[in-house]
Amino acid sequence: MKKSFLSPSAAVASVGFLYQLLPPESRKRPPDVRGVALMHRMLAVLEAR
Numbered sequence: 853m854k855k856s857f858l859s860p861s862a863a864v865a866s867v868g869f870l871y872q873l874l875p876p877e878s879r880k881r882p883p884d885v886r887g888v889a890l891m892h893r894m895l896a897v898l899e900a901r
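In this note's numbering, the protein residues as written are 853 to 901.
Heads up, some of the hints might be wrong.
[To be verified] DEER-style ranges, computed between Cβ atoms:
hint, residue 1, residue 2, range
1, P875, R901, 32 to 38 angstroms
2, K880, A900, 36 to 42 angstroms
3, V897, L858, 18 to 24 angstroms
Hint data in this document are derived by calculation from the structure and do not stem from the laboratory. By construction, the Cβ of each residue, glycine as well, lies at the ideal position given by its N, Cα and C atoms.
Could you build all of it, start to finish, from the sequences and the hints given here?
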């Protein structure tokens, strides 16, 4: 599987765009990063295939 990469500026712009799609009440809450480690483990399993 070929890995694709974004430039840092494109990655930041993408995150900013996704942030704007969140409902206003979600933007007011502090971020919950508990699922980040789990997501990385799941992605590692998928990339290993």
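Now the hints, each set against the structure:
{"no.": "1", "hint": "P875 / R901: 32 to 38 angstroms", "in the structure": "35 angstroms, holds"}
{"no.": "2", "hint": "K880 / A900: 36 to 42 angstroms", "in the structure": "38 angstroms, holds"}
{"no.": "3", "hint": "V897 / L858: 18 to 24 angstroms", "in the structure": "22 angstroms, holds"}
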